[in-house]
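Novice: Listed below are the residues making up each chain.
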Amino acid sequence: MQPSSRKKPISFYTLAAFFGLFILFLYGPMLSIFILSFQGTHGNMTFPLRAVSTHWFGDLFTSTRYGDLGGAFRRSMAMALAALAVTAVVCFFAGLAFRKRFWGAGPIFYLSIVSLVIPGLLLSFGIGQMFQLAGLRLHWMISGLGAHLSWTLPFGLLIMFAVLNRFDGSWEEAARDAGATPSQVLRFVTLPILFPGLIAVALFGFTLSYDEFPRSQLTLGTRNTLPLEVANMTSSVTTPALYAIGTITTVISLAVIALAFAAIAAVQRRRGKSARPPSHS
Amino acid sequence: MPRASLTPYLQVAPLALIMVLFVAVPLAVLVTLSFWLSDGISLTPAFSFDNYKLVLSSAITWKLLFATLKFAAITWFFTLLIGFTCSYFLVFHVRNLKLQIALFLLCTIPFWTSNVIRMISWVPFLGKEGLFNQMLQSLGMIDQPLEFLLFSDFAVILTYVHLFTLFMMVPIFNSMAKINPSVIEAAVDAGASHFMVLKDIIIPLTRTGIALGSIFVVTLVMGDFFVIRVMSGGQSANIASAMKNNIDQLYYPDAAAMAVFLIIAVLLPIVAILRIVDVRAELAR
Amino acid sequence: MSAKGEIRIEKVNKAFDATLAVKDVDLVIEAGSYCCMLGPSGCGKTTFLRMIAGHETPTSGRILIGGADVTNIPTGSRGTALMFQNYALFPHLSVQENVAFSLKVAGLGTAERRERAMAMLQRVQLAHLADRVPAQLSGGQQQRVALARALVTNPQVLLLDEPLSALDEFLRLRMRSELKRLQKDLGITFVHVTHTQPEAIALADQVVIMDQGIVEQSGGPRDVYDNPHSPYVARFMGGQNLIFGTVEGSSKSGAAVVDGAGNRFTLSSSDLLKGQKVAFAIRRDGAKLADKPGNAENAIRGEISNIEYQGTFVKVALKTAQKDEFIVYLADGEYFARPRAVGDTICAVWPSTGNHFLAGENNSSGDPSGH
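Chains as they are written, first to last, in our numbering: chain S, 1 to 281; chain C, 1 to 285; chain U, 1 to 371.
Partner residues aside, some chain S positions facing chain U, computed with beta carbon under 8 Å: (1) S170; (2) W171; (3) A174; (4) R176; (5) P192; (6) I193; (7) R271; (8) G272.
Simulated from the structure, these hints should not be mistaken for lab results. Beta carbons are placed, not taken as given, at the ideal position from N, Cα and C, and that holds for glycine.
Pulled out of the complex, with its shape left as it was, chain S reads as follows (with noise of 0.2 Å):
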């Protein structure tokens, strides 16, 4: 699909160089504290690189200016995982729920839409302060995770639903017609064929958990994530240490999304689905 053959070149330099500048617009800063974070150990937090060293990863390690980032950094795994496993167990079940008609659907929906779209700053408050009224003490894993939930679930519904919109139900039924009890159905039909959209959900969970900052506020007790340490460290840290863990960070990000585009793509492989779905469909 292209305009015809009267457009101007131009307009499609032009456009590309505008995308390219938004490209670099977005992952320049990005790289410029990936390199700050080699700085050498006299340099400070601007440029130029007076040396190159992994001194500040390891003064991260050793130092103990920064507060508690390995025990914040095994929290922040440790909700994330828990964030994609629940968020894909309950999304997908609850995916398949909205297929069909019951009473509540649309107050469910809903609120999971207002969970999207309310700050999460106000949640977390009145997560913390409903707690508090209740008597209950806050745990990063209860309270937390909960709060986590909230915003990790409703954007697992919605890939759910895109998901199951392209799901056939014809496919339910042939394996019916060949004897499956819904049970095998959900083993060898729905589950398999639905995979790539679980890997997409969990990879949602896992992300948006791990990275939570307003939600995360209130909700945690005593403890916290890396988010709120490296947001604390912002204030306190005068060193390139503090871009140090933010290259740590993003890395292990980067990792968990390679890793999931990776699965779905095996998985379309394996198939044998290219990019447009057969026209015959």
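Got chain S; can you put chains C and U on it based on the hints?
Specialist: Using the frame of chain S, we list chains C and U on its own:
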């Protein structure tokens, strides 16, 4: 078969439970709390409008609201411009579908990294001794480093645009990709100029994506309390950041009233956008 | 004693919310026969098929297969196999795994499953594609996989939901003869739903025509084609002209019928009353063209509205006082001996032996799209 009709309820129960527990109830708690009283130490359940009177009568509140709306509007404008243009480029000028999707994914990857890190990453770039100033000085374009680049409203908006353009771009890309190419071909065949195709076909067919993206961007900016404080060097504030201050100082009912105020302030643009564009059909797709 | 594969439908109704999709149907399909369900979109034939398959449950009535009451038995256990219109091949499984699926859910071991699946694929000549995935197959190949998948369960009845609709013309004709051959080889009952009349009469031992949930007529293809029950069946089967008129006079040997424009016809039915409104059918290849009615037993006057050459015959369409066009099929030699022109006023004439009285009242248009 009666057993079959129970299944959806069982399947949706976990989602419903978590959503009610962690969204519906907390919101109800907030609203309730906004009517309570505090003496700075303990809370007294009540049904009082004192907190609201305090919030609504204070001039600062309205200044903060103005600031909140100002940032939201400016950010919305720039994210729309950039998001629309880049989507337009990808959908209508990139011929290879695989390349289109690859470039699109390239734009979305930063979404999966930490916002806090992405915000910080502007500091070495924009500061007085930052990369940008050094570049301009070495090119001879300026003598003194530009001070407004960092710790200013400019920096705040720049960061907002950096963080949130993606939220505008994804729904717009989605809407644009669904446009039937034959519709555009037919228009061009009938003699429409590219500008007319844009104005009369592409923009109207993309309006759902624009609406969804706008809702996301506006709510994210209006709800932010962190970027505005850090990137303005503490000079600017909005309702959310003021609310955070209240919370830090344990003025809970005050904060709750501000929270309700903010919710209403956020809902109004959303309702306005939804009046113009019916988004429900799109969400179901 | 019911034979294996015989289908008995007793007073079956199916309602969806307020609409009745299938109304009070009684039908017997003989074991080992090829039955085609024919009708326009929305007539209920697919719902009917799905009830036999067990994917829909009748609101009332009974369905018996091979003598056993299967009305409330779930699909998959009633000896039927359904071939879906869009094939519904599992995209994540290879061709061989698709075919072996029913064996897997029944608990057979891997080796035995593969063996039986390959044997079935041999039968449909697709063994060489056993390890491909459905996305890599053409439409015709996908259909054969769907067929193999359905047949591997050794069903008593094979149900086909518009199996040839998605194929192009050439492939459709080829697959048609393959289906016929397959049914003869296997000896099981085939129930084939279609809206294409030539397909039905080519394949079927028994044609069942439906309209709006009711079975209009059921019988052998020649019977339904030559002796349609109602104007709707006549229109749907094609190849017939319909005449509506009033009885002018009746006697032991027959009735004289006249239409609004004074055209006269003779029916051989002896039990009609004077003044009765009647309808009858005459085959399109049963009439000839003449400039004047002369002393023909039946004649209708009209203006030629269309002439179409169709190879072995020529279609001449006349606009007459009747609602439907009167169409005459002339052998090409006969037509070109005395060609006509559009706009000519002409008569169509024929003997009374070809007239078939239509007892049924259904006067629907017979448009396959359901309008």
